[in-house]
Structures are given as structure tokens and as C-alpha cells.
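If you follow the hints, you should be able to join the two separate chains into one complex; please do so.
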Amino acid sequence: MDQSLAVMLTIITAATPLLIAAIGELVVERSGVLNLGVEGMMVMGAVAGFAVAFMTGSTLLGVGAAIFAGIAMSALFGFLTLTLVANQVAAGLALTLLGLGLSGLIGEAFVGQPGVKMPTLFGIDALVPFSLLLTAGVAYVLFRTKTGLVIRAVGNSHSSAHALGYRVIAIRYLSVMFGGACAGLAGGYLSLAYTPQWIENMTAGRGWIALALVVFASWRPLRTLVGAYLFGAVSILGFVVQSMGLGIPSQFLSSLPYIVTIIALVIISGNKRLTQANTPACLAQSFVPDR
Amino acid sequence: MTASQYLLEAIDIVKVFGTLRANDGVTLQVTPGQIHALLGENGAGKSTLVKMIYGSLQPTSGTIKWKGQDVVIPNPNAARKLGIGMVFQHFSLFEALTVVENISLAMPGKFDLEALSKKVEFYSGEYGLPLNPKATVADLSVGERQRIEILRCLMQEPKLLILDEPTAVLTPQEADLLFLTLRLLASEGCSVLYISHRLEEVKRLCHWATILRHGKVVASCDPREETAASLARLMVGGDIHTVRAAKAPRDGAVRFSLKNASLEADGPFSVALKNINLEVRGGEVIAIAGVAGNGQSELFDAISGERPLSNGNAILIDGASCGATGVSARRKMGAAFVPEERLGHGAVPVFPLSENVVLTRHSDDASLAERGLLNRGKANSIADRVIKAYDVRMGKPDPEARSLSGGNLQKFVVGRELDRHPKVLVVNQPTWGVDAGAAATIRQALIDLARSGSAVVVISQDLDEIFELADRIAVISRGQLSEAHPAHEMTAEKIGLLMAGSHEKETPHAAHS
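These protein sequence lines are chains A and B, in that order. Counting from 1, position 54 in the first sequence corresponds to residue 57 in this note's numbering; the numbering is continuous, with no gaps. Counting from 1, position 28 in the second sequence corresponds to residue 19 in this note's numbering; the numbering is continuous, with no gaps.
One chain only, chain B, in its complex shape (with noise of 0.2 Å):
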């Protein structure tokens, strides 16, 4: 019964899946009130490691030590006990429940929604994460969820508060107010696990970095006297190619344009496109920006034709009208699009990687499916050009698409799109979730694109992102998209008064949070 310096200590902790040894001999130590990142490439083993602590994984050899007592964690519930609170990549949230029936499904004790709703109301003000605990999941951004499942964990008033990228979908200001929040956790004595791939915020934010590489522990240092370039160096055991943008052509043609378009809201917290314009030329890169839930998916919807405007001549691919058309019209005549959720919407989980692109090239490739018979062959030519163009990683030959990690999948999905080279690409949330060096290729492989001829147009809710990639850079708010700016005359508080309204025609009701 030794006291020990350390709330949690993992030890030459081993992990064997099949052949692959996810985790081996990583060893990780975090003191009381400590904010300790944990660093790595997509599949270095991270997510794997914090699953053993959290005991939704078994660890295959090694010892976890909490406040200095051997444990055995069976399973999430028994981490919770501990105190161990998660707030997942991948949510795991039900989308058919409301915000507090989610949240009351982790909390332990009476059952009572009134109450817990209030409770969720006060921690919701108390961490500035705004909330309707009312809510039904499936109506809320990607944003949003994210903010249950943070206040999910911080109701659960955790010991250790494990955290897998949770900055990825916050605006910077409700990340400042998230830093906040974990200061104040941290200065309370509840220590931090903190995942990302946000290596300034890690400086920021951080008192101790563990960094790990192909499932080994490389390295192990206080972030804030290290460079982002020489932890980026640590992490991928080599230098990162950064984003290098030729300029621009000025007068390239109008090749992509949205005129008035506007659509209906199709639910109760969906938001209406009001007279949105457009126009993106070949050769430049624009960004829209804004804060989630803004009307970011209804535009990308409309957009890609997922949902057809009623009015034809608002989008204009080549001058030529198509608002009107399906998503397969758009792709033949050069469009391509990648959704912001890549398992689901931008790949089918259980089909193969060669079977996802049938699915997006089928339209305008006649010869993946000759006569309604599938070109197999063509489709897993195809399948292994993007995985060795753009590095996606796997365990097995033409794998199904669930099984690849979120960063992989992403570099897959929108490298199956730019294999095309489409003359229009539209990307939603093109790096979400992904590492320092696979979001640089992505970044690299859209700026080259446009270079080349084509208009690209990138929604994003990373300003960091959106300064490296854009010429022009307009910011959508409550449905209205703002004038695009040149990205050099535009700076973080420029676009963050645009967010907040600024450009909006009409007066608004009430404050959207």
C-alpha cells in the first residue's frame, strides 16, 4: 500500500492483433492533475492504448496500476467506477434518443430525466457547451454531438477524463473555452488524456507529451519546450512536407456557380439555404467556413444533389444548370464530392475498398459496370492507385471499408475522388480526425488539383486549415453564405464576426445558442 506519485500507470503494455502487434512494450504515466497528450501517426496505437484503460480492450500482456494498486479493467463500466470518463472519436451515441436520454444511459443512480436535464442545462453554462438537452441526436451537427459526449464524461465528475480529438469539430473559440474547462479540471487535481493531431494546441494546452510510433513509445517530453515541427518530427520519424500553394491564376474561367440557390429546411433543426452565391473559378481554391450546424451539410447536400434544388439554373457546373439533377448527373458532367462523415455516407462499412468505387465512378466510368456487369478488375486497379497515391494503410489486401482507421478511410474517400480529376470538387470537413501528415497530403493533393484547372471548394471548420488551402474565403451563418474575401485580407477575427452574423440581410429572431 506505497503511495504513489502516479494516478494512472500503464506498463510494458503489449496488445497482439492477429500478426499485429498494436501496442508493444508501451509504457505511459500520468500524474494527478496533469494534462498529458498522447501523440502519434493514424495506427500508431493510441486509440488502442486508451481502449485498455478505459477496458473496452484486454490488454494481451502488461500491467495497468491505478493510484499505485494493480487493476484489472473487464470492462467501461468497472472504468467508470474508478473514475475513468471517455469521450470517443467515433461517437457512441443513439441517434433516435434525445440529448439527455443519451446522456442519462452513461450516469449511474435514480432515473430521472427532469432532474438530469437541469443538471445538463447547468454543466452546459458552467462549460460553455451550449446544449438542448431536449434535443433529438440525429437532428444535431457533427459539433454538437461531439459536445454530448464531452459533457457526458465531465457529469460524470472523472478522475481521469480520456479525450480522442476533441477539438477536431469545435469552432477556435469554443476550443479556447474547452482549453478553459480542462485547465480548471486539471487545477481541481482531475488529470487529462489528451489525443490529437493539433500539435500547437498540444504546445498549448499540454504539460506532458508521450509520443508513439508503430505501436512504441519513441519519446517523452514537456511539449511547451518543443517546436510543432520537432514533435511532427518525433511522431512521424522524419521531416513533414508542408503545404507549399503556387499562386493562384487570377482570371481563370467561372467554373462552378451558385445563383440564389435556396432550399427548404427538411426537419424541425435542419437549416434553410437562403439566396446562397457563388462563384468558383478554375484554379483557386475557396473555403467556406462557420461554426457547426450553421448550414454546412444542407449546402454540401444541395450542392452535391442529394437534395435537388427546385430551381435549376442556381447551380451552374461549366455554365451549364444542374441544381436540379441527381448526384449522378452532377458527377458526369465533372463534379465529384466527399461528405463529411466517410463511413456511412462517403463509403459503405461492410463493402470492400474496390466496391466503394464503383459506387462514386459508376456514373461517368461506363466501363466499371459494362452492360450492368461489374469490372472488377477496373474497380481494384482503380481501389490500389488511390491507396498507393495517397498512403492509405490496412491489414489486409482490398479491405472492407469499417475496418480501416478514420484518418485512412478519409485519405481513401477523397483520394478516390481526385483519381478523377474532377473538374468541380466540393469537400466537407476534408481533414477531420486525421494526422499531421496525411492532412498535409490531402491539403497538398486539393491545392494541386485546383492548381491544375479545377475549381475546389473546401467546407471546413478548422480556421488553420482554411488559411493554409484558400484564395477566397467565405463564411456561412445561419443558412446565409457571406461574400468571399481574399484569404490574405481575411484574418481569425474578421471570420469570427462573420460567423456571428455580420453579413446576414435579415434581422435574426433570437440567438441561435
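Extracted from the complex, chain A is given alone in its bound form (with noise of 0.2 Å):
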């Protein structure tokens, strides 16, 4: 019983990062804006977080260290593609190659040091409530509220929604900056709650897991969630399989969860109507005002 009960709680840390990052980039998404940026934006988060904590002891500044990484990351990101409307797809991948290399040199001093770890109540660190909560009020904003409905509408026609006299450029520099804090907070939850502690690329690919899960969860949050605890729950059991010593490839197991998140992508590009009905028409297309 209790093993099962260890089970879980690894599933759903493990699943708790993924879900803030993929939650952060549906918003960007939604508003017609594709920042393949996540994986750079999540490491930045998990070293300013590390360094910042082993500096003051403080998790909580932490955390906000790691939030403003990812935000100052993402205005970059903003920047580039909004203001001076560069390819997003393009500088997307350059901030994540600018990530991986930037939080290499500034976490160099911090290798091997012991780190701090987030406080936890009844086993679960306070990030993973969080989440869920984020995950609630994201689908509320977006559902139910004119903010959400003004989001949609940039994603869906960008043109219209300027003929109509909203500030498109500025409602999506918001929501790329929404996408970096969650990034950036995904990326501290790494190095302050799930391993505390610094290593080099320690995202590991998980901010392109986030970006196939928003694809997978096909633009919606609680299917998100579902789509996040069934990549961590994949993952751990892996692992669980593993020490069961079945006589299963590791390398089969560890890679279980790519082929589960491929899988799933193609049944769900499979269903057209599903997918039509709520991908951004216009992601990642840039706008320039017209005449």
C-alpha cells in the first residue's frame, strides 16, 4: 500500500513541471504565438532559482528568481518576434540553444553544491497544489472570461481582432511573458523541489515534452493535466518496471514515454474536427498592422 502510495506521489512530481510549462505555453499558443523557446526558458528558471536559494537560503526567492528568469527570457523571445517580427519558429530554437549555454556558464560555480529544497506538506511540495490551481484558473480565464476571449480571438484572426481595435502586439507580448514565468517556474521546481540541486541540462528535454502535450492536449488544459500525469506516470513506471527486473531493455523503457507522447500525437492529429476546431489559426504567423 504504501509502495503504491510512493508510486503516485513520484508520478505526480514528476509530472508537476511538465504541466506548468505546457500550461505557460498554451496561453502563448492560444494567442497565436508559437515559442519553441520552452526547454531554454525552463533551464534558465532552474539556475537562477538554484543560485539564488544556495545564495540566500531562501526557496521562495527561489522561485521568484526562477519566474523572472523565465519572464526575461520570454520578453526577449517577445521582442524579437513581436517587435521586430522575426521568424518565431527560428528564434524559438536560438533561445533554447541561448538557454542551455547561458545557464551552463552562470551555473558553473554551482555544480556538485549542496542545494535548498521547498518545504513540503504532507509529502507533496506546495508547487504541485499550485499547479493544479493554474491549471483550473487557466481554463477559467480562458473559457469563461473576456480576457480569455480577447486571447483566443488574437490566436484565431489576428487581422480581425485589430480591426476590431484590439492591441494585438500588446496582448501577446502578455501571454509570451505568461509562457516564460510558468517556463521559468517549471524550471525552478527542478532544482528547488525534484532534484535540489544544479546539474548541467538538467531540464532534459522536458520543456519539448511541454510543447508536444499542449499539441497533444490539443490547445485545452484539463486535457493538459491528462496528458501530463500520463507522461510522468509513463515514466515512473518505467523505472517501477525496471526494478521489477523483468528483463527489459532499460533503453527501451527510458524512451517509453517519447514513443507514448508520438503515439498519442498521431491519434490525435488523426481526429481532423478535434483538432480544427481549436488550433490557433494563426500560430505562429506574424502581424503587422496593414494599411
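Simulated from the structure, these hints should not be mistaken for laboratory data. Any given hint could turn out to be false.
As the list claims (entries may be wrong) - The following label-pair restraints were derived from C-beta to C-beta distances:
1. H336(B) / L225(A): 28 to 36 Å
2. R367(B) / L96(A): 45 to 53 Å
3. A284(A) / A491(B): 31 to 39 Å
4. L135(A) / E117(B): 43 to 51 Å
5. N268(B) / A284(A): 34 to 42 Å
6. T123(A) / H336(B): 55 to 63 Å
7. A284(A) / K387(B): 23 to 31 Å
8. A284(A) / D167(B): 33 to 41 Å
9. L96(A) / H336(B): 30 to 38 Å
10. E297(B) / A284(A): 15 to 23 Å
11. L225(A) / D167(B): 41 to 49 Å
As the list claims (entries may be wrong) - Not everything, but these chain B residues come out facing chain A in the computed CB check (under 10 Å):
12. A69
13. E92
14. N268
All of these numbers come straight from a predicted model, not from anything done at the bench. We put the beta carbon where it would ideally sit given N, CA and C, even for glycine.
In C-alpha cells form, the structure reads like this:
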């Protein structure tokens, strides 16, 4: 009984950073922007969070620093793609590369240092309930409030939104920065709660999984929650099965979450109507107000 | 603070785009409660002028006065605050959102979709514009989409309502209802600025007309005291060529036929086609009339091969069955298709015209893409030929499709297909949003093509157009097509009865609207 509870807890812990980052990116994509730099923003959040918590001893300040780092990275992305109208795919990839490199540089002094672990309630980190509230909150705002309607409208047709007098660029800046804050927080969770230490590239592709989750969930917050927990479960079950010694190659087990993701994406994209109904029509399209 | 007799005055407005003077000293004065027509050919500067009044554009010079006071209208929000509402020609709707969400985006104040839905239902009943507030825009026809635009404006209770070609996609009955609404609004003191190409309509509805040509005001008159011909002469600066049809040959061979063609609905708001039969002979034009959203787009998709049928023998081109083949195969058999939406469906917005030529013609003209390589010289020469033959006006050589005005792009997409001399041509809404001169050119070209021995099918909601073009007329309602009757035996009333479904074989379950 205790063991299955422990497994559940590890699943939740593994899923939480994915969920936070994916929910942020979902808002960004709903506003019509594709930011492929989630991995870079996450890893910057991880290093900033660890560094500040290590120097001040306060995880709260660490979390703040992680969020700030994510916002700073996303603001840079916003400046490139929204103000300078650079290609979003290229800028997003560059952001990831920048984040991975820069975090390695900043984090060099902290490698091998003991970390500060976030306080827990009943064995779960404070950010776990927060991530659930965040998901519910985003779902509520997106589908029940005017703010959410405006975000979806901008993502669906930026020219119509502009014609009605909405400030497309400003709305997208705010969405992108919300996504940055979430990615930074997800990174901070890794270095302050999941494994409280700094290791270079410690995000290990989680940013990419978060991006895939958004598509997997066809841009709906509650499905993102399901996807994150499914992915967390599959990756943890891999370890469990391995410990049972069933003779399945460990390489196969560790690739299992990615295989599941790919299969899920294929199945989802097979349902055209579902995808069409939810895909932001202006995703990754630059907007220049015309005459 | 002198009270002005004018609600809106635009004085000596100049708007320069690069080297083009889109508006060159335009003065427009609208009194309260006036229905004021703004007439002009495509590119005369009408849209530019109203965009400045609505705040989407800023004038290069000139002043705008609202109730006698100088105003600057920096954006559409400011215009709406003043009490200016606008219905766009190119819709500013959000396809993934519902009707009520679309309307709420333009409404100030509290966000309450339930209450707003009720209001939408109330207004749509009041103004005779039936709409389901919960429907998703993507599933609606062009006509229904326009209703949202109009309703969205009316619900803001504006003092000045700008309508850019509002009746282009409405049935005669719907248009009449709209006119009642507009007259009612005007009698309540709301002014209407009305852009239209339909001169008869302007004569019936409007109190005053300002006519633009090449960015300048060429006349200002009471349209009720003019004839359609005199108005047209002022617009074009010359006489308009009237469409003249030689008599259709009686006994051309059947070139195109539909035999019990059926197609399932592909979405909750799509219409299923039920046992459609039609024979089109070489030399004749058949028009298919109907109210928007009764299966026209599904019929077009089935004929063009965008949605192939399961029964290959349901569609025959020159006796060869092609019901199950795709678009390219049908083009190879000598058919050509012009869809309703010119931008996005008929042409790729960001491609230059020459590349858009290649897209519909590479399948039957191998020289355009030899061994997979584009023959740009050939594509350019075809594009130039179409541009010359159909008088397509544009800002620079080989522009992107999206930079053309609606009417000019329409001339191009129709001309592109006519240039192939297809054996069978199917056109959906050939002159939607096109000015009188260009519409006459397109209609004449369609008739000429038929008289040269081709079979032409025109799907249209414009009865004037149908009577001008058609040798025989069929009516589609709820996915069923009536028999095609000779045009001289048909009247607007008969067509109206058929539109209401008098030919349908099944008993309709529920009233559609």
C-alpha cells in the first residue's frame, strides 16, 4: 500500500514541471505565438532559482528568481518575434540554445553544491497544488472570461482582432511573458524540489515534452493535465518495471514516454475535427498591422 | 460650439499610399437620419475613405468633423465610442469562436454570454436576421456570417452605420428586410453610409449619393432622380457595356451531368446533398439559385472534386465518369472551377499572381511544370494575358494575390479559368463584391464561353445576375436541387417558392431558419 502511494507521489512530482510549463505554453499558443524556447526558459529558471536559493537560503526568493528569469527570456523572444517580426520557429530554437548555453555558464560555480529543498506538505511540494490551481485558473480564464476570449480571438484571427481595435501585439507580449513565467517556474521546480541541486542541462528535454503536450491536449488545459500525468506515469512506471527485473531493456523503458507521446500525437492528429476546432488559426504567423 | 446640420463631415481628405493618391481631396457630408450612398468602381477609394472615418486609417491631410466639432479618430474603438459602427466587406470574424463570442468581442461593458445570447436572439428577430448565437462561425455560410457582422453593429446602437456592400450575399427577401431595418434606423435619426455596386438598390434605398472616381468626388446627387444608367456613367466615366446574350443553341450535346449525386454532411452544420440530377448542354448557361447555406458550397465541392463522391458514375464530363476522382483529374478532362472565396480558396494570398496561375493549371498544361520545374516565363505570360483581357488593376507588376482589391482579384480568378477555354466551367458566386463594370465583363465572358460550345454552371444568390446570365434556372434548397426550368418561364416569385423548398421530395423535419 505504502509503495503504491510512493509511486503515485513520484508520478505527481514528475508530472508537475511538465504541467506548469505546458499550461504556460498553451496560453502563448492560444494567442497565436509559437515559442519553441520552452526548454531554454525552463533551464534558465532552474539555474536562477537554484543560485538565488543557494545564496540567500530562501526557496521563496529562489522561486521568484526562477519566474523572473523565465519572463526575461520570454521578453527577449517577444522583442525578436513581435516587435522585430523575426520568424518564431527560428527565434524559439535560438532561445533554447541560448538558455542551455547561458545556464551552463552561470551554473558552473554551483555544480555539486548542496541545494535548498522547498518545504513540503504531507510529502508533496507546495507547487503541486499550485499547478492544479493554475490549470483550473487558466481553463477558467480562457473559456469563461473576456480576457480569455480576447486571447483566443487574437490567436484565431489577428487581422479581425486588429480591425475591432484590439492591441494584438500587446496582448501577445503579455501571453508570451505569462508563458515565460510558467516555464521559469517549472525550471525552478526542478532545481528546488524535484532534485534540489544544479546539474547542467538538468531539464533534459522536458521543455520539448511540454510543447508536445500542448498539441497532445489540442490546446485545452484539462487535457493538458491528463497528458502531463499520463506522461509522468509512463516514465515512472518505466523505473518500477525495471526494478522488478522483467528483463526488458532499460533503453526501451526510458524511451517509452517519448514513444507514448508520439503515438498519442498521431492519434490526436487523426481526428481532424477536434484538431481544427482548437488549433489557433494564426499560430506562428507574424502580425504586422497593415494600412 | 455651433450646431452643425451635419452629423459627419469629411473635408478635403487626402490619403497617399506610396505614389498612389487613394483619396485626393474628398469631401463627404452626412446629415442625421440620412441614408447616404457612396458609389464608385473598385479602387475608386471608397473603402479607404470609410476606413479613415472608422479610425482604421489616418488621413494624410484633411479634417473630419463629428456633430460640427473637429475630431481625430485614432482607432476603431474611438470611432465606436463616438457612435460609428461598421460592417466590413471582408469579414472581421473569428472562425473558431461562436456567434455570441464574436459579438461580445465588439461590445463594451459586462461580460455575460448568457445575457448577450438572449439579446442576440432578440435583435435577430427584430431585424429579420436569423442566427443561432451558439453556432460556431466556421460552420456558417457567407450569408450567415454577414448577418453576424450586421447584427454586431446594430447591437451597438450606432449614430452612424457604415455598410460595405451588405446585400451582396443576401437573398432578395433578406435584402428587403434589411432595407426595412435601415429605413427604420434612419427614421430614428441614425445615419447610414451605404457602399454598394447595385445601383437599383441605391436608387430604392438612399437619399443622397456621393460618387467617387480615381480618388476624387465626381458627383453628388439624389439617386432617386437619376437612372441606373446615369449613375453608372458617373461612376465609370463612360458607358457601361450591357451584357448581351446570343440565343443558346437548342440541341447541344450534354457535356456535363449529375446523376443521383449524393454526399454526406461532413459536420454538424454542413448540408447533405440528396440525389442531385442535372444535365448541362454545350452552349448553355445554367444558374443554380438558392438562399445561402442550402448546400451550394457542398454542391460546388462535389462538382469540383474537392470532396469526391463514392459513386464515380454520379458525375459525367463529356460522358466520362469522374465522380470519384480528385480536382486535378477533372481539370485534365477539361473542366474548370472557380470557388466562392477568392482569397484563400481561389488564390493563395501570399503568392504572386503568376504562381497562382500555376496552381490551377499545371495539371492540364504540362509545359507549366516540366519535369517538376516551374516554367516561370510561361506562368508570367499567362498571368499578363489574363490581367490584360480582364482589366485587372494592381499596384505593381505580379503582386501578391492578397494585395488586390476584391473585385480585381475576382476578375483574375475567373479570368484564369476562362483563359483555358474549359469545356465545362462551374463558378460559385462569380461577381460577389464586384463593381458593375467588372461584373458585366465577367458575365459577358461567361456567356461567350458557353456560346463557344462549353457548358457553364453558375451558382449564385444574386437574382439579377441569374436572369441576366441563365438559359435555364434550377434552385437548391436543403441539399436538393429542383428541375432546371427555362429562364423565360421563371419569375422571382417562382424562384422564391422553390427556395422555400416546394420541390423537395421528403417532408422537411423542421423549419430551417
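Hints, one by one, checked against the model:
1. H336(B) / L225(A): 28 to 36 Å: Holds, at about 34 Å.
2. R367(B) / L96(A): 45 to 53 Å: Once the Cβ atoms are compared, 32 Å apart, the range 45 to 53 Å for L96(A) and R367(B) is violated.
3. A284(A) / A491(B): 31 to 39 Å: Holds, at about 35 Å.
4. L135(A) / E117(B): 43 to 51 Å: holds, 46 Å
5. N268(B) / A284(A): 34 to 42 Å: For N268(B) and A284(A) the Cβ distance comes to about 38 Å; the hint holds.
6. T123(A) / H336(B): 55 to 63 Å: holds, 57 Å
7. A284(A) / K387(B): 23 to 31 Å: At 28 Å between Cβs, range holds.
8. A284(A) / D167(B): 33 to 41 Å: holds, 35 Å
9. L96(A) / H336(B): 30 to 38 Å: 33 Å Cβ-Cβ, so the 30 to 38 Å window holds.
10. E297(B) / A284(A): 15 to 23 Å: This hint holds: roughly 20 Å between Cβ atoms.
11. L225(A) / D167(B): 41 to 49 Å: Roughly 47 Å apart at Cβ, these two residues keep to the hinted range, so it holds.
12. A69: Holds, because the Cβ-Cβ distance from A69(B) to chain A comes to roughly 8 Å (cut-off 10 Å).
13. E92: Because about 6 Å separates E92(B) from the closest Cβ in chain A, which is inside the 10 Å limit, the hint holds.
14. N268: Violated - the Cβ of N268(B) stays beyond 10 Å from chain A, reaching only about 31 Å at its closest.
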